[in-house]
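Make the full structure from the sequences, and use the hints.
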Amino acid sequence: MPEPEVTAAVKAKFPQATDRASLDHPAVNLPAADVPAALACLRDEFAFDMLTDLTAVDWSSAASPRFTVVYHLFSTARHDYIRVAADCPNDAEPAVPSVCALWPGANWHEREVYDMFGIGFTGHPDLRRILMWDGYPHFPLRKEFPLAGIETPLPDAEVAAETHASVKPAPLMGGPFVASSGQVNLGAAEPGGKDESWTERHEKPE
Amino acid sequence: MKAAAEFDTEKMSLSMGPSHPSTHGVLRIQLELDGEIVTKADPVIGYLHRGDEKIAENMTFNQFVPYTDRLDYLAPLANNMAYAIAVERLAKLEVPPRCQAIRVLTAEMARISAHLLGIGAYAIDVGAWTVFLYTFTEREKLYKLFEELTGARFTTSYTRIGGLARDVPGGWIERVDAFCDQFGPIFEESLTLLTRNKIFTDRTQGVGIISREDAIAYGLTGPNLRGSGVPLDLRKDKPYSGYEQYEFDIPVGTTGDCYDRYLARAEEVRQAVRIIKQVVAKLPGGSWYAEDAKRIFAPRKDKILTSMEELIQNFMLVTEGPQMPAGEVYFEAENPKGALGFFIVSKGGGVPWRLKIRSPSFCNLSILPKVCVGAMVSDVVSILGSLDFVMGECDR
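So the sequences go chain by chain: A and B.
Those letters in the first sequence? Residues 1 to 206, per my numbering, in order.
Those letters in the second sequence? Residues 1 to 396, per my numbering, in order.
For the record, the hints were derived by calculation from the structure and aren't laboratory data.
Examples of chain A residues lying across from chain B (beta carbon under 8 angstroms, computed):
1) L23
2) M50
3) T55
4) V57
5) V70
6) R83
7) P104
8) M132
9) P140
Over 10 angstroms on every C-beta distance to chain A, these chain B residues come out as not near it, computed from the model:
10) K11
11) R139
12) K141
13) S378
Simulated DEER-style distance windows between Cβ atoms:
14) A:V159 x B:S307: 51 to 61 angstroms
15) A:P137 x B:E36: 34 to 44 angstroms
16) B:Q245 x A:K168: 45 to 55 angstroms
17) B:E32 x A:A63: 37 to 47 angstroms
18) A:G135 x B:E32: 18 to 28 angstroms
19) A:V159 x B:K92: 43 to 53 angstroms
20) B:E174 x A:K168: 48 to 58 angstroms
21) B:K40 x A:E93: 28 to 38 angstroms
22) A:P65 x B:E291: 34 to 44 angstroms
23) A:T152 x B:G170: 50 to 60 angstroms
24) B:F136 x A:A12: 55 to 65 angstroms
In this text, a Cβ means the ideal position worked out from N, Cα and C, and glycines have one as well.
Right, dumping it as structure tokens:
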């Protein structure tokens, strides 16, 4: 079935679905609540049997809706992709329904999105951090999280008490991290890094 | 005396890794054991998390190329190519045939090098040391060729958006051809140490069986998916960079056990040699970068130093990055470990708003809790090796 027909069929079945701008694969926007039903329909009726990727986009803390969860499905029979995107209804406590029941492989992807963006997945069997350690207080891929990181206590309280050490922000030292997404005149940021409090010439502040 | 069933037993918890020889990097698996049988396996990942996706949002498209080396660091040339094509899809930019062919050539060489390590290290995991020495000797020859081409053995950073870092040096293509000629018999000889080796087959056949349905449901790709009998290869099914011009076969397994995954990798090496021979035989001439993409690909160095317009162009590219339209693209390439995908959200300009790396090792490892249950502890080692993952790519 040609791809425009797939998106048309999805839109016929889910009246709130809309076309999503895309430079390559067909793409649809869906309300978060419809995602599990729509993905099940795509899997069972249109042979999009593989959930190849699941991720999220943070449109900045000023934007609303702030978070969009993006699914990429692949059909192992027809060798086509489709992109499904769902805005998280609540900016402060974003959450979408989990699709773990459809694909067990979604489990780790959803844990990663939760870990990096703090987006909840209702119905997920085991939603905990996956790349950062349990108890890490921030969501690193949110736009307000600084590139250098934020000083954070060590994961192990006993070690922290013994060593008085903590996880320090990374030294940027005028390195390649000079560009900001969305910033037009990157020339203004050259040649120094944004964080110059700690360079080869100035010692690390205690 | 009491019968065995009357003794009290309790489950034992065993932490395997993060520094265990068979975990090939820093992976920890929290095992729950009933005697020697695994009843629960919980992989703990993230030890190598560097925040590559965050870094990508803070630098221009070309500046991120070296970071792609460090994803699957056993096949950096293939990662370079996947990333470059993803960004070129965003820019709707076609690179010339010579550039495409050189990229295919280097990606297939990277595939051979990655599978040589995969097979050699797997043999060590299950107790056969010698194979590693053979495969590593061959891998070293490939690294010499990589060094000659890119200046680096390991972190090649060979592609640029819209082209390559440089054209191939004189005589290099002939040396690649000579490598392929001598490589075949040596590779076959090293495989004879494994393929019909009783110890190896005992450790791998019938172990870690992944069904076709599970492989798809967990999003497995690459040799792990094909070992389970799914004939999916993006080089054939979604051809990119001119793969449709080359003749090669897709090996698929029948049972989906560790042995099938090993055989799939071994056959992929032979097919990669076949592709390389075809590229070498008909390497197109012409330009090796997109000459018309002035706002994306840097001008030649000698022009920068002598011509005002090229100097300005280069300055703009370095300070503002290659200029991209706004939009969303998702591209997956068939890497040695599986489908390496890049999802790029651009708001226009030289820096991505969001760059998601779909890492095949991450997806391939997510099946561990299922496939390890019911296996013996020693089988876990065999399963891990057969999945052939790289933590640099898994944790990003």
